[in-house]
Every structure is written in C-alpha cells, then in structure tokens.
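Hints in hand, dock the two standalone chains.
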Amino acid sequence: MTAALRCDKLVKKYGQLTAVDELDLEVRAGECFGLLGPNGAGKTTTVEILEGLNEPTAGTVEVLGLRWDRDERALRQRLGVSLQETHLPDRLTVEENLRMFRSFYSKGQPIPEVLETVELQDKRSSWTERLSGGQKQRLAVACALVSDPELLFLDEPTTGLDPQSRRQLWDVILAFKARGRTVLLTTHYMDEAERLCDRVAVIDKGKVIALGTPKELIASLGGDQVVEFATREPLAADEWRGLPTVRAARRSADGIALTVEQLHLALPAILARAEPLGLTRLSTHQATLEDVFVHLTGRHLRE
Amino acid sequence: MNAPTTTSAPSFSPLRELTLARLRIFFREPGAVFWTFGFPLLLSIALGIAFRNRPAEPSIVAVVSPEIQAKLGSNAQFRTRLLDHPGAREALRTGKVDLVVLAGPPIAYLYDPARPESRLARALADAALHPPGPPETVDTPVTEPGSRYIDFLIPGLLGMQLMSAGMWGVGYVVVEMRTKKLLKRLVATPMSRGQFLWSFVVMRAIFLLMELPVLLGFAWLVFGVGITGSLPLLVGISLLGALAFAGIGLLVASRAQNTQTVSGLINLVMLPMFVGSGVFFSTARFPESVQPVLRILPLTALNDALRAVMIDGAGPRAVAAPLALLAGTAAVSFFAALRVFRWK
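If you read the protein sequences in the order shown, they are chains Y and V. Here my numbering is used: the first residue of the first sequence is 1, the next is one more, and so on. Here my numbering is used: the first residue of the second sequence is 304, the next is one more, and so on.
Just chain V, with the same shape it has in the complex (with noise of 0.2 Å):
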C-alpha cells in the first residue's frame, strides 16, 4: 500500500456538501419529488375543474296553470314543469323543483325559506311576475379577475405547499436519520452542528425557487391567476413562511426516536391549519370566539400575507403583522429545537 498524502486544504465546504447531499437525496426518490411538484398541480386542476364559474343555473318552477307557464316559459331564468297541485308540492317537497306557483288570484308561492336556491326562484318569479315599477334601476354583471375561487385557492395551495414541505422535508428527514443512527455517525464527527441545520434550511430555500415558478406558472397559464402585488415581495414571504416551517419541523424532530412518532406529531401539528388556517375556504366561515385563535396560526399568517400580495396586490407595510408573526415563529422554533435537541 502506498503511503497516504495528507491534505490540509479543505476543496469542499461543509454546508455545501451536506446541502448537496439533501438535494441528491430528495431528487433521487422519485415519490418524494411527485409529492412536492406534482401533487400540488393535481390538486389544483382538480378543485379549479370542481369550482370552476359557470353561468347561472335556471331556477326549477312547478306550475299548476298553463297562463303562468307561458308567462315565466319565455324567461331564460326559469325552467317549468306544470303539474297537477298535490303533484307539484311533492315535487317541491322533494327538493325536484325550488319553487311552487299557484295562479291565484292572488298569485301563491310555495317556497322552502331554508333553501337559498327556492328563496332565490321566489324572487325571480314575483319579479317576472310584477314587473317593477319606477324608480328604475339597473343592473350591472360583475365578474372580475381575484374574485374567482381558483384566485383564492392558489395562494392558499402555495402555503399549504410549503407548510407540508418544511415539516416533511425537515422533520421527517431528520428522525429518519436519528433512527438509522446517521445523526450519531456525523455527530462522531467533527461537524458544526449548526452547519448541519443550515443544510435544511438552505435545501428549502433553493426548493422554493424550484416550486414557486412550478405552482405560480401553472396557475398562470391554465387559470390566467396573475400576481397583482409585487413579484419579490412575494418571494420573501415564500421564503419566511419555508424558514418558519422548517423551524417548526426540526422542533417536532428535536426528540422523536421513530418515524411513526413524527408522522404523527406532524400531521397533529398540520391538521388545525389545513382545517383552520383558510387553505381551501375562508376564516370568516369560523365563529367570531375562534377568530383569535385562528389569527396566531403561522399558516393563516402565510396565508393571508400571500393573498394580499397576490390579490390585492399589497405592499410591505400591510402585511408587516403576518410576516412578523411568522418571523418569530421561525425564530422560536429554531432556538427551542437546538436546546432540546437529541444528537445522540
């Protein structure tokens, strides 16, 4: 055997081979990369596709009389279905037609009050029905760019995304390495410690680079989601809320000794914010007493900021409160995972 040479100059930097390594690793798992990429497109295509805009449905009239058919008939507003009286209330009882017209006089209408499509049909009919009178008024379509469903739901994706990214591609990773003893192994090593958590939050900072052009692209062009706010600013919130999320994954990992455990813990960390945090549907639908609670989530925080950025195209100062709550976040989280952290 030769004699070995010792070199002293270091050609690699640690940060970038560990970096290196996470980023081979990820791209070398295929499901690991559909999950990240893939997935959030399908789920947007699908739900874009489910709450598509389409034009306004007829209102289902039942009517006893052919006058009144001929009347509401010519209306584009109402599809008709004339039928004997105790036909057309089991009709409306069963929910067939939104609305029962008797001819009168004075003309009847029989409507279930707890249905919003019956009250609507109520409406529309006595309006064709009695045409009104002065004052005039007019009536003015609206259907703007942001107020479609598909315009909410991708910002709201786009947290989703990287909240379920950071905690995986963080959390799960980690314990994965406590349990094969490889954390012990680098640990036997002189490696900086802090170097090695710098690792993953590099690796989520270059990730969202790759994912945000994937998402927002898309969104693009198959949706025409445009961004109304400023194009960095929103790149810096992306890049907080990953920092923010990282730090709760690696809390989550700090002590877990098996991979069911961080499952776990991850998907209880997640669950209140999918639910909670306006993902899919807005928190205004939650009761006023859960308000608070909701507000201090880090992904209702995300969320919110990037919305405003996109949507209504906010500047810096108005999202300050979002971007500092997940700030701290970021910062707690990272401080409490290196105190109790288990390297060995």
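With the rest of the complex left out, here is chain Y (with noise of 0.2 Å):
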C-alpha cells in the first residue's frame, strides 16, 4: 500500500523545549490513522507541521507524495483540515461559511451533499453563534470537506462534546474513510481510537511510544483482560505476579491493576490470595488503549 502521509525523524524545539522528538510516521492511503496521547504530548505541533502550517526544526514531511516548500498550493487543493479550534464568523450562517470555503478550491462537493453529510440541513440559515457545540464541530468539519479532499486531518474533533454529538461525528468520519479516503486524527479518547482507527501511534513527550493497530497493542498487554481491586491490606504489586495466566501487574489509584490472560482461572486465585487480606472491592473490564497507555507510561491519558 501507498503511504499517504510520511515523516522521518521530525524535530520542533521552542527554545529549550523539544515538542517533537525525533519523530517518524507513516500514515498509508485509505487508512484512518491515529495519534493518540495526553495533553503536551506534542500531537498538534505534529499534525500542524504536517498540515504545513508550523516550520518542523528539523526532519522531512512527505504528503501526498508532495512537500510543502515546494508543492503548497497543489498540496492545499487536495487536503481537508480542522483544527483543534477555529471559531468561524459568529454572523455567517452555516451555508455562508460552506460557501467561502468551497470557494478557494477548484474542485468540490455541492454544498447541499456536505450539509447532508453532516446533518445540518436543517440549520443551513442559522448564524454559527446559534449552533450546539456538537454542531458548530460538525460545521468546522463540514469546511473540512466542502473540497472532497483525498486526506483529511482532524485534530481532537470531539474533544468536549456530548457523548450523542461525538457518535454523529464519528458516523461522518466513518462515511468519508468507507470511500477510500484517508484520515489523520489526534484524540486523547481511547474508545474513539478503537472505534475509528485502523492503526494508532501512541505518542508521549514527542516520542511515538507505541505503534499498531488497537488489536494488537491491547495484546502486546500479554491479555485481553484487566483485574482491579483493592485489599485493606496493602501488597506490593509484585507478590500477584505468579498467579496463573496473569501477564502484568501494577499499582492504580488505590490498590492493584493485574492483565490477565484467562479470567476463569486467574479470578478464582486472586480471590483466595485477596479474601484473608480483607477486599474491599474487584472489578473487571476488557482492556482498553488506555490499558496500554498506563502500562506504557505509568500515567493516564488524561492526566
């Protein structure tokens, strides 16, 4: 498969601080890829330096096929953006705003099929000011796509929104990567990682710190499934490793996280160890990116 998208050994430094650190991806043609990380991670620096709109320090970027110092405007005419926040005109109605994007690019969707797209139809005469959050992000998202764009870059495109507003978006995403486009976004969301992404690139302190598709970074756990509880007397972490089937085992919040392989047979074990100590509570779920980002850093994503 072709790579739409490519960068090798990306740089940016503020002053003493390295955003991005050495920094390689490539994002292949029809595939929604991910970068997913906390907040300081350096996920926008990175994708504004692959939207060409912030100079890297150092490092090549590859878009399209094309670079940016040479190809700016032939590169612009094939890609869609949203940035993290734009606050479009509060007083253009919403088909306004679609116009005036749909007019820079020399090709297009008719606006009726982008207000469809996204469900705005029904507000195509309200002012921006007048629009849901849900809304105003699916109208940022609709300018993203007035030039039916071959690559559209997305950076946190839900962030903030209603869980009902978030699953909408994630429909539109999901229409536009089902013909063959494709997609590059940041979230700090795991569920919205697994749900869109073919493959993610955890990203920490300007490093990608992990790299594969959710599937498989969930399985570099050792299992797919996760055991919380908490003792009134405390254990070290360590002392639950012999367990049977039990791959991982960490310290959360107020007692102990283990990865587990099997649960019918690690579940009965961890009880008979945890009963004469005193359990206060057990739960378990199926592990998450956010699993694998814990077991990664150490930190949670949205800390």
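Heads up, a few of these hints could be off.
[Stated by the list, open to error] Here are the simulated DSSO-like cross-link-like pairs (lysine-lysine), alpha carbons at most 30 Å apart as the crow flies:
{"#": "1", "chain 1": "V", "residue 1": "Lys487", "chain 2": "Y", "residue 2": "Lys177"}
{"#": "2", "chain 1": "Y", "residue 1": "Lys136", "chain 2": "V", "residue 2": "Lys483"}
{"#": "3", "chain 1": "V", "residue 1": "Lys487", "chain 2": "Y", "residue 2": "Lys205"}
[Stated by the list, open to error] Under 10 Å between C-beta atoms, here's a sample of chain Y residues computed to sit facing chain V:
{"#": "4", "residue": "Glu51"}
{"#": "5", "residue": "Glu55"}
{"#": "6", "residue": "Pro89"}
No lab work stands behind these hints: they were computed from the structure. Even glycine gets a Cβ: it sits at the ideal position worked out from N, Cα and C.
Spelled out as structure tokens, the structure:
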C-alpha cells in the first residue's frame, strides 16, 4: 500500500523545550490513523507541521508524495483540515461559511450534499453563534469536507462534545473513510481511537512509544482482561505476578491492576489470596488502549 | 450515504465570497453600523449647533454717568450698566463687563487689553462717542457660503471617518481573525493571500460609496454645505484616502497577536492625526516649527485635498501633491504589511 503521508526524524523545538523529538510516521492511503496521547504530548504540533502550518526544526515531511516547500498550493487543493479550535465568524450562516470555504478550491462537493453528510440541512440558514457545540464542530468538519479531499486532518474533533454529538461525528468520519479516503486524527479518547482508527501511534513527550492496530496494542499487554481490586492490608504489586495467566501487575489509584489472559483461571486464585487480606472491591474489564498507555508510561491519558 | 458528486467548475469566486462575508458580518453587527454611519452624523449635528454663526453679541459696558449711558444706550452694539466708580472697576475685574467708561473730560476707558472682547468694546465705544470725521468709509458685512465653521468641519469629518473606518475595519478585524484562529484556518486552504487582502480593499471601496452620500447628503440637507468642485474628483480623493488608511490598518495588524495590542496601536496612530491634521480646527494654529511634520501626516493630506475640492473648487492639478502623498502611503503600507504579515 502507498503512503499518503510520511515524516522522518521530525523535530520541533521551542527554545529549550522539545515538543517533537525525532518522530517517524507513515500513514497509508485509505486508512484512518490515530495519534493518541495526553495533552502536551506534541500531537497538535506534529499535526500542524504535517498540515504545513508550522515549520519543523529538523526532519522531512512528505504528503501525498509532495513537499510543503515546493508544492504548497497544489497540496492544499487536495487536503481537508480541521484545527483543534477554529472560531468561524459568528454571524455568517452555515451555508455562507461553506460557500466561502468552497470558493477556495478548484473542485469539490456541492454544498447541499455536504450539509446532508454532516446532518446540518435544517441549520443551513442559522448563524454560527446559534449552533450547539456539536453542530459547530460538524460545521468545522464540513468546511474541511467541501473540497472532497483525499486526506483529512482532524485535530481532536470530538473534545468537549456530548456522547451523542461524538457518535454523529464518528459516523461522518467513518463514511468518509468508507469511500477509500485517508484520515489522520488526534485524540485523547481511547474509545474514539478504538472505534475509528485502523492503526494508532501512541505519543508521549514528542516520541512515538507504540504503534499498531488497536488490537495489536492491546494484545501486547499479554492478556485482554484487566482485574482491578483493593484490599484493606495492601500487598506489593509484584506479589500477584505468579498467579495463573497473570501477565502484568501494577499499582492503580488505590489498589492493584492485573492484566490477565484467562479470567476463569486467574480469578479464583486472586480471590483466594485477596480475601484473607480483606477485599474491599473488585472489578474486571476488557483491556483498552488506556491500559496500554498506563502500562507504557505509568500515567493515565487524561492526567 | 450517497456517493458524492464532485464538481470541478467553481460557481463562486473567492474574492466575491470573501468580500460578501466581510459585508455580511459588518451589517449584522449593529454597533459597527452605528459607529460607521451614525456617529459622524451625530458629531456633525453637535458641532454644527455648537459653532453655528450667531448674530453679533452686544458689548457690555459699565458707565458712571447717565449722559454717557444715554449716548451708548441708544446703540444696539452696547448693553450698558450704570454703576458707581468702585462698583464699575469690580465688574470689569470679574469679567461681568467688557469696558468701563468714565465721563471725564477727557473720557477715560478702563479695559483689559488681554481680552479680545474688551478691546473690541473699547474700539466700538470710542467710535460711537467720537464719530469718525472725513474721509468717509463704507462698511460691507460679509457672510459667504464656505466661510462658516460647518463648511470647514464637514470635509474634516469625512477625512476622520475614512481614517477610523479604515483602521478599525481592516486592522481590528484582521487581528480578531488571527486570535480566533480563523486566519490560520484560511491559510490551511488554497485561498490566495492576495485575494484575502484585496477583499478588504474592495470592502472599503464599497463602504465608501455608502458613507459618502450619507454624510455629504446629510450636510447638504441640514446645513446647506455644498460641493464647489467636481464630485468625481472628491470620490477619487476619498477612495485614495480609504486605500491609504486600509493599508496602514493592515500594517498595524500585520503582527499584533491580540485585539488589545492592535487597539492600542490604532489609537496611537490615529490620535496625533485627530489633533494635528485639521479635523476640527486648522493646522495653522500650530507653531511654524511643527508644520513640516503635520504636512506629511496622511490625514492632513486627505483633509487638505477634500477641503480644496469642497470649499475652494480646486481641480486635479491643485490637489496633486496631497494625492501623491496618499498614494505613496497606500503603496508603502501595503507592501510593508505583506512583507511582515504573520499568517500562521
């Protein structure tokens, strides 16, 4: 498969601070690729360099086989961009905003179709300032879709939205991808990455610390179940490693979290050891990308 | 979802859409509409009333003898008050009268030479008490159109309006777009940056064609202020002025990161011209030493050219120098703004 986007040894420094630290990425044509990481990990800086809105200190970027320094105008015709926060003019209507953005591109989608895609037909004549948060965000994505781009950049598209608005946006992104187009999105929501992304790169402190499909990353934990519990008399995490099918053990907020391969074998052994210590709570869940991140960094994504 | 239809013929031009967006945003903001169209009218009404031409006020004269009072009292140029000597001096000292006349002989005038109305009262009283002998003189009162304060004021207000509308309408709006990340979002599209900047110029030109008739029509209807020279020349001067101040507005906005900074810069640029460019009073009031500085201010050039055409009926050749200064300002400021403009 050909690469829609590639960057090598990307570095961005702001004075003493290194925001992006020798980062390599390759996004394949037709996939939805997620950059995953906590706030301040360098996601937005990376994406803005890839979008040609920020200059790297070092490293090379190639988008759709083109380079920003040589082919900027041609490249912009083929990309759709939604920034982390853009305040569209308050007193332009949905349709007027879309017409303005459409006018910059030599080709694109008819506006009624874009409105239908993002389900804003009823709001076409409403001023931007009268839209809800979810509607504003769908309009922002619609402005990126009017050119019918080959590659779509979305920087934290659903941050701050309610669950229903998030699912509506996910449907828009999945429909775009279903047409064989490429998406690069950043998020700090694990469920979003698992739902939308074919592959994700976990970013921390400006570096890629894990790369793969969400399934592969979860599988790298060694088990796909997580058991979390707490006892009145605490016991070190290492004491739990020897139990059947337990692949990893770590301290969590106020207890222990174990990554387990086979719940039916591990759970009786855990209970047998925990009950004499005074078991105060116990829960299990399917391992998620959040567990992967905690496993890799010892920190939670939204810290 | 239906497969999207991709159309390749663009049905709208970017310059048209950008300009339309600017006009729509403006007219949907009642405050902005008032400051652009209503404020200059209110200002011209207020100043027109405050500085309207009044019939000459009589001089107030204190007299100590009834004979003098009888001589001056019959003359409409005087209002007399009969006081005793200390009372009359006290009234002069406190400014309640302009002049004290003592009977004499010889007739004595007590007046304050530092007060123009006091000197005037003395001269008038002297003329009334000692009628001029031969040779005879003839007095002709003159109040011609064009010599009133309002005739002076309206071109100045027009110049001021072109300046503030250009500075705020371009400078402030651009920085607001930058703080709201809209500028960055636009740069992420293939939008031509030249067309983006042109949309502001086109917007200012369209505005001008609305501002001019409103202010000039109002001044003509209410105050009878006419245009002595050519109207097309006046429109041309105004366009060049609008362009020059759009350029300065853009330059001021080219690097400012927030609206407070740009507001400060706009006021810093405009204040010296409000005071020194002859909006409300003639630049001749300033000392000779600062005249060269005042003459190179763009608003001075604009006001001079507007007054020359409106009041004196000057032709294109007579206003060539201020027009060249305005054109130069526009060219230099646009060029400099483009060089230093912060897009991202």
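*For the pair supplied as a hint, V/Lys487 and Y/Lys205, confirm whether the alpha-carbon distance does not exceed 30 Å.*
It holds: about 25 Å lies between the C-alpha atoms, which stays within 30 Å.
*Holds or violated: Y/Glu55 as interface residue toward chain V, Cβ cutoff 10 Å?*
Hint holds; Y/Glu55 Cβ to chain V Cβ min 9 Å, cut 10 Å.
_Does the closest beta carbon of chain V sit nearer than 10 Å to the beta carbon of Y/Pro89?_
holds, 5 Å
*Quick one, are Y/Lys136 and V/Lys483 close enough, alpha carbons at most 30 Å?*
holds, 14 Å
*When the nearest CB of chain V is found for Y/Glu51, is that gap smaller than 10 Å?*
Where the cut-off is 10 Å and the nearest Cβ of chain V is about 6 Å from Y/Glu51, the hint holds.
*asked:* Against the 30 Å threshold, does the CA-CA distance of V/Lys487 and Y/Lys177 hold or violate the hint?
replied: holds, 25 Å
In terms of the numbered hints stated before, the structure departs from none.
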